[in-house]
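Put chain B on the given structure of chain A with help from the hints.
Going down the list, the protein sequences come from chains A and B. Take the first sequence: its position 122, counted from the start at 1, is 122 in the working numbering, and no numbers get skipped. Take the second sequence: its position 384, counted from the start at 1, is 384 in the working numbering, and no numbers get skipped.
It cannot be assumed that every hint is accurate.
Claimed, not checked - Some chain B residues near chain A, calculated using beta-carbon distances under 10 Å: (1) M31; (2) K78; (3) A248; (4) M293; (5) D345; (6) A346.
Unchecked claim - Residues of chain B clear of chain A, computed beta-carbon distances all greater than 12 Å: (7) H16; (8) Y17; (9) I21; (10) R189; (11) K232; (12) C286; (13) N297; (14) V298; (15) K409.
If you're looking for bench data, these hints aren't it; they were derived computationally from the structure. This one's a predicted model, so the numbers in the text were calculated from it and none came from an experiment. All residues carry an ideal CB built from backbone N, CA and C; glycine is no exception.
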Amino acid sequence: MKSPGGQERPSSHARGGAGRRRGRGGASGGPAGLVGVRSYPFAGQFPAPPPASGSLNCPGQARSDTAALAQPPPPPPPPAQTSPGPVKMGAVPNRRLGSVRGVPMSSPPGRRARLSSPGTGRSSSEAREELRRRLLGLIESNRVMIFSKSYCPHSARVKELFSSLGVECNILELDRVDDGANVQEVLSEITNQKTVPNIFVNKVHMGGCDRTFQEAAILGKKVMVLDFVVPSPQGTSWGLGGTCVNVGCVPKKLMHQAALLGQALSDARKFGWEYSQQVKHNWETMTEAIQNHIGSLNWGYRLSLREKAVAYVNSYGEFVEHHKIKATNRKGQETYYTAAKFVLATGERPRYLGIQGDKEYCITSDDLFSLPYCPGKTLVVGASYVALECAGFLAGIGLDVTVMVRSVLLRGFDQEMAEKVGSYMEQHGVKFLRKFVPVMVQQLEKGSPGKLKVVAKSTEGPETIEEVYNTVLLAIGRDSCTRKIGLEKIGVKINEKSGKIPVNDVEQTNVPYVYAVGDILEGKLELTPVAIQAGKLLARRLFAGCLEKCDYVNVPTTVFAPLEYGCCGLSEEKAIEVYKKENLEVYHTLFWPLEWTVASRDNNTCYAKIICNKFDNYRVIGFHVLGPNAGEITQGFAAAMKCGLTKQLLDDTIGIHPTCGEVFTTLEITKSSGLDITQKGC
Amino acid sequence: MHQAALLGGMIQDAPHYGWAIQPVLHDWRTMAEAVQNHVKSLNWGHRVQLQDRKVKYFNIKAGFVNEHTVCGVAKDGKETLLSAEHIVIATGGRPRYPTHIEGALEYGITSDDIFWLKESPGKTLVVGASYVALECAGFLTGLGLDTTVMIRSIPLRGFDQQMSSLVTEYMASQGTRFLRGCTPSRVRRRPDGQLQVTWEDLTSGKEDMGTFNTVLWATGRIPETRSLNLEKAGVNVNPNSQKILVDAQETTSIPHIYAIGDVAEGRPELTPTAIMAGKLLAQRLCGQSSDVMDYDNVPTTVFTPLEYGCVGLSEEEAVARHGEEHVEVYHAYYKPLEFTVAERDASQCYIKMVCLRKPPQLVLGLHFLGPNAGEVTQGFALGIKCGASYVQVMRTVGIHPTCAEEVAKLRISKRSGLDPTVTGC
Chain A
1 MKSPGGQERP
11 SSHARGGAGR
21 RRGRGGASGG
31 PAGLVGVRSY
41 PFAGQFPAPP
51 PASGSLNCPG
61 QARSDTAALA
71 QPPPPPPPPA
81 QTSPGPVKMG
91 AVPNRRLGSV
101 RGVPMSSPPG
111 RRARLSSPGT
121 GRSSSEAREE
131 LRRRLLGLIE
141 SNRVMIFSKS
151 YCPHSARVKE
161 LFSSLGVECN
171 ILELDRVDDG
181 ANVQEVLSEI
191 TNQKTVPNIF
201 VNKVHMGGCD
211 RTFQEAAILG
221 KKVMVLDFVV
231 PSPQGTSWGL
241 GGTCVNVGCV
251 PKKLMHQAAL
261 LGQALSDARK
271 FGWEYSQQVK
281 HNWETMTEAI
291 QNHIGSLNWG
301 YRLSLREKAV
311 AYVNSYGEFV
321 EHHKIKATNR
331 KGQETYYTAA
341 KFVLATGERP
351 RYLGIQGDKE
361 YCITSDDLFS
371 LPYCPGKTLV
381 VGASYVALEC
391 AGFLAGIGLD
401 VTVMVRSVLL
411 RGFDQEMAEK
421 VGSYMEQHGV
431 KFLRKFVPVM
441 VQQLEKGSPG
451 KLKVVAKSTE
461 GPETIEEVYN
471 TVLLAIGRDS
481 CTRKIGLEKI
491 GVKINEKSGK
501 IPVNDVEQTN
511 VPYVYAVGDI
521 LEGKLELTPV
531 AIQAGKLLAR
541 RLFAGCLEKC
551 DYVNVPTTVF
561 APLEYGCCGL
571 SEEKAIEVYK
581 KENLEVYHTL
591 FWPLEWTVAS
601 RDNNTCYAKI
611 ICNKFDNYRV
621 IGFHVLGPNA
631 GEITQGFAAA
641 MKCGLTKQLL
651 DDTIGIHPTC
661 GEVFTTLEIT
671 KSSGLDITQK
681 GC
Chain B
1 MHQAALLGGM
11 IQDAPHYGWA
21 IQPVLHDWRT
31 MAEAVQNHVK
41 SLNWGHRVQL
51 QDRKVKYFNI
61 KAGFVNEHTV
71 CGVAKDGKET
81 LLSAEHIVIA
91 TGGRPRYPTH
101 IEGALEYGIT
111 SDDIFWLKES
121 PGKTLVVGAS
131 YVALECAGFL
141 TGLGLDTTVM
151 IRSIPLRGFD
161 QQMSSLVTEY
171 MASQGTRFLR
181 GCTPSRVRRR
191 PDGQLQVTWE
201 DLTSGKEDMG
211 TFNTVLWATG
221 RIPETRSLNL
231 EKAGVNVNPN
241 SQKILVDAQE
251 TTSIPHIYAI
261 GDVAEGRPEL
271 TPTAIMAGKL
281 LAQRLCGQSS
291 DVMDYDNVPT
301 TVFTPLEYGC
311 VGLSEEEAVA
321 RHGEEHVEVY
331 HAYYKPLEFT
341 VAERDASQCY
351 IKMVCLRKPP
361 QLVLGLHFLG
371 PNAGEVTQGF
381 ALGIKCGASY
391 VQVMRTVGIH
401 PTCAEEVAKL
411 RISKRSGLDP
421 TVTGC
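The following block holds chain A by itself, in its conformation from the complex:
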C-alpha cells in the first residue's frame, strides 16, 4: 500500500500480530523513527567482530561480510617465514612485508618481497604447483594479504585504507618480483580475478579495490535505530517493520488474495469443482492468519537487527540540538544520543478529515488489517489506491461497500486506466458516490461493528445525503511524520504545506549530515522498494565510496485493485504534457485471459496500453496493463524499459502462450486509428 519509508524500521514492540495492542486514546501523530549513524574508525581491530551495520546493506552482501570478516582471527603469522621464495639479489631476506602497525603502506623501495621461481630444470607444471602452494601459504599465514603492483593507483588506495585502519597486512608487489606474471596467473586460477590489487582477509578472498572498500567501510559502523509507533486514534499499534509489513503492502496483498480466492471459488464451479454449500467468509480467521504471518516477519526483523548488531531503541526520537536527539520511551524516560550522521525515515500516517466524529468513529488502514471484527457495511472515503484496494477486497469477501470520491480516481495515475479500474469494481458490486464529501459522522449504536450515520455534501451543489454504515474507513491521503521530531531545532527545511522534506539527488537535506529516504521525500515516489533501494545506495555512498544514485525514473508499480493495474513510466496525460500528443503513438488492446473464458466472465475488460515516442525510435515511455497478475507482468517489462525498450523490440519478441503478458508482443492497433480493439481468437 505504501512504504515504511525505509526498510526495517523497527517500532515499539515485536509482538505477534494477533497479540496487537489495542486500546483507546493515545495522542495522535506520527511514529518517530530516526536512524542515527555514528561512524568511527575501527582502529587496530580489523577485522572487527561483530560487523555492525547490515541494516542498510543487502542481505546477501551482509552475509558475505559476516562470513568473510567475522571469523576468529587466525593465529599470528609465524615470524620470519613469509618470504615466498628464494631471495634474489637486492631483496631483504624474510622481510615481513608491510607488517608494521600503523605505518602508511606506501611501499618504500626495499620494503618489498621478491618471489622468484625456484631453480631451473624442473618441469613448468611442477614449478607452478610449487608457486601455488607458496601463494596459498601466504594467504593462510597472513590476516591480510595484498597482491598489488607498486605503480597501481588502486593498489595504493587499498594500502592506504589498511594503513589508516592501523591493520597489519602483507603486501606482495608483483612488478617487483621476477615471476610476477606467473603469480598473477596462478592467482587468477585461485580467485578467478585477473587484476590487482587482489586482497585476502582471514584467508577469504575479498576481491579488488572497490569491493574491499565496500566491505571494510560497511563494517564497524555503529548504528542505532530509533522507532516508536504512536497508536492510531483507534488505539492500534504494531510491531517492527514499518507500514509495508504491518499496515501496508503485506496485509493488503493477503486480503486481496482472500478476495481473489472468493472469485476463484465461483470460477471453480465452471471448471468442474462441485460444492453445493453457500460459501461464507470469516473475517476473524483471515485476520488471525495474516496477523500471524506478520508476527513472524516482525520477529525476523528483530533477529536480523540483532545479528547485525544494530542497536534498536524503542523510543520516540526528536532532535534537540545539532547532532543530538532525545529519545523518549513509553514510560516517559528520556535518553540522549549523539551521532555523526542521521537518516530520517519516519514515513507517513493516514490523514483525517477534520470533521465532526472522524477521529472518534472512523478507522483508517492503520486499523483495518487487525480489526478484531468484520467491518460489515463499509463506507470508504477517498479514491487513492489505498481506498480502491481496501474497497476492492472488502467487496471481494462479500461485504456491502461504497466508495465516496471527491473528484478523480487514482490521482497521478493514467486516468483512462483509473476509470477502468473503477468500472470493473463497479461491475463487481462496489458502489461509487462521486463528487461527495462527508461532513459529519455520528454514532447511532455501539458494537462490533456498531452503526454510524454519515452525512455527506455534494461538491457541486447544496445537495446532502445521509446513510448508515457499520464502518467508515478514511483513505484520503497520508501525512508525513516530520513535524514533531524537532527538525526546526537543527534547521532541516520541510515543505510547510505538505510536510515533506526536500532533498538533493543524494538524499541529503539542507543540513548536510541529515539524510532522508522514503515517503517523506518531496517529489519522490511513495513505494517500499524505492525506499529500500534509496537506503541501500545511500549507505553505500556514505560509507563504501560508491557513487551510484537512486534512479527515480521508470519505477514500476501495481495497484492491487480487484482487477490489478500495473504500470511503469509515464501516464498518457503526462506523456502528452511532456512530449506533445503529435509526437506520440499509443498502442492498445483489450484482452480476455484464457482462464476467464471457461469461467465465461468479463470479456473485453482487461486492457493493455503502451505509449511510444515517435521521434525516439518508438521508445516505450509508458507501460500500462489492467488484468490478473498485473504486478507479475509489469516487473519484467520494467526491466526491459531500463534497457531501452522500443516498439520494434516488442514486436520481435515471441509471446509465451497462453499468458496475458503476451498481448504486448502483438500490439498492432494505434489509438489514433480509432480501430476496434475487442479481442477474438486465441
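The following block gives chain B in isolation, referenced to the frame of chain A:
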C-alpha cells in the same frame, strides 16, 4: 485444465483465508464440456477470421502431386486439385504411439484425446517425460486423480536440469507418483476393464506390473509429413526425424515451398514461434520486409503445477558455450507471499539468472519456478532481447509484493556458496 487444477489448489487455500468451504470433489464432465465449448468457439472464431480476410478454407487432406500442385481428399473421398505459386507447409505434429509395445495402440490414449474425454480418466499412467507428459500428469493429480508418471531417463530433456528436477520434486510433493528408469513392455485389458501395464525397471532389469484406468502416451510427437507425398515435389526431410529441412528463410529444398512450425527441422515446437515465423514469411513473400525469424531467446513456460518459465540458455548450455569460469549464476529460493498464509510448501520456488561473468554481466538465461511463471517471464524475455545486463536488472525497482520482484533482487551467486534463501518480506 491446468487452471482447473490450480483452482483446486485455491479451494484448499481458501479456508486459510477465511472462506468456510468443505472439501470438494471434481467433476470431469463439467470441466471437459466447458473447455471443449471454449475450444469450439475458438475454432469458429478462426473460421470467421479467415472469411473476413478472404482466405479460402478447404477441409481436405492434402498431398503433393508435383512441386506446384497438391491434391486434396475430402471426408467423402472427393478429390480437389489445387495449384499455387508459393506453398507453405504447416501441418504440425501428432503424438507418437510406441507401436512396438503390445497393446499401446489399442488401449492407450494421447494428449490428442485427453482433452476430449467425456468421462474422467480415473487412475492414470502417463508414459514420458516431455513437458506434455508432466503438464498432463500435473493437472490430473490436481483434479484429484491417482496419477503415475513413467520416465525412462530424464525429465524435460533440453530444459535446465536443475529446474527440471525441482519441477518433478514439487509434483511428487503434490502426490504425483514417479517411476524412474522404467519402460513399459505391454498393456493388456483385464476382464474388469482395467488396463494391466507391465514394465521393466532398467536398473534392476526386473519386471513389475500395475493396473490403471487410463494409459496416456506422451513420449514425443512425430511430424505430419508422411502422407504429404513430399517426394513428388522434391522436398527433403531428415530421414530420422521425418522433419522438413529448412533454411533461415524457412525455405525447403524447393525454393517456392516453405515449412514453418513443428514440421520444420530444428525449430522449437511452440505456437507463438510458428505464428511469428509465419507472419514474417508472409511479409517477406509480399516484399514488405526482409526480416527473418530470430529463434534465439524464445521464452517459454511449462504449465506444470508449479509453473516453470524460461528464456535464453540453460545453465548447462551456458557452461558448454562459454566455459564454467566465464559464467556467473545468481539464484534464490523465495516464498510467494500468498503461500505463507495458506501454509503451502515453497521449497521448490526458485529463480536463477545465468549471466556472463565479465562485467556488465550480460544475461544469458532466466529460469523462474513459481506461480504465474509465464507472466513473470514474458517481460524479462524482452529485457534479454534488449541485451539486459545483470547490473541493469538489479537497478530495476521491484514491485512489492510480487514474485517477479525477486528476480530484480538476485544477489547471491552460486559460486559464492552462500545460502540463497530469501528472508524477510
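No chain A beta carbon within 12 Å of B:N297's: 8 Å, violated
B:D345 as chain A interface residue, shortest Cβ-Cβ below 10 Å: This hint is violated: B:D345 lies away from chain A, its Cβ roughly 15 Å from the closest one there, beyond 10 Å.
Outside-interface status for B:K232 - nearest CB in chain A farther than 12 Å: 34 Å, holds
Hinted contact B:A346 with chain A - closest CB pair below 10 Å: At 13 Å from the nearest chain A Cβ, B:A346 fails the 10 Å test, so the hint is violated.
Status of the stated non-contact between B:C286 and chain A (beta carbon gap over 12 Å): Non-interface label stands for B:C286: nearest chain A Cβ at 16 Å, farther than 12 Å.
Satisfaction of the B:K78 interface hint, Cβ to chain A closer than 10 Å: 29 Å, violated
Per-residue hint verdict: B:M293, partner chain A, C-beta under 10 Å: 9 Å, holds
Given hint B:M31 near chain A, where the shortest CB pair must fall under 10 Å: Hint holds; B:M31 Cβ to chain A Cβ min 3 Å, cut 10 Å.
No chain A beta carbon within 12 Å of B:V298's: About 5 Å separates B:V298 from the closest Cβ of chain A, which leaves it inside 12 Å; violated.
Closest CB of chain A to the CB of B:I21 still more than 12 Å away: 5 Å, violated
Status of the stated non-contact between B:K409 and chain A (beta carbon gap over 12 Å): Violated, because the least Cβ-Cβ distance between B:K409 and chain A comes to about 8 Å, which does not exceed 12 Å.
Residue hint B:A248, partner chain A, criterion CB-CB below 10 Å: 15 Å, violated
Consistency note: the structure conflicts with the earlier hints numbered 2, 3, 5, 6, 7, 8, 9, 13, 14 and 15.
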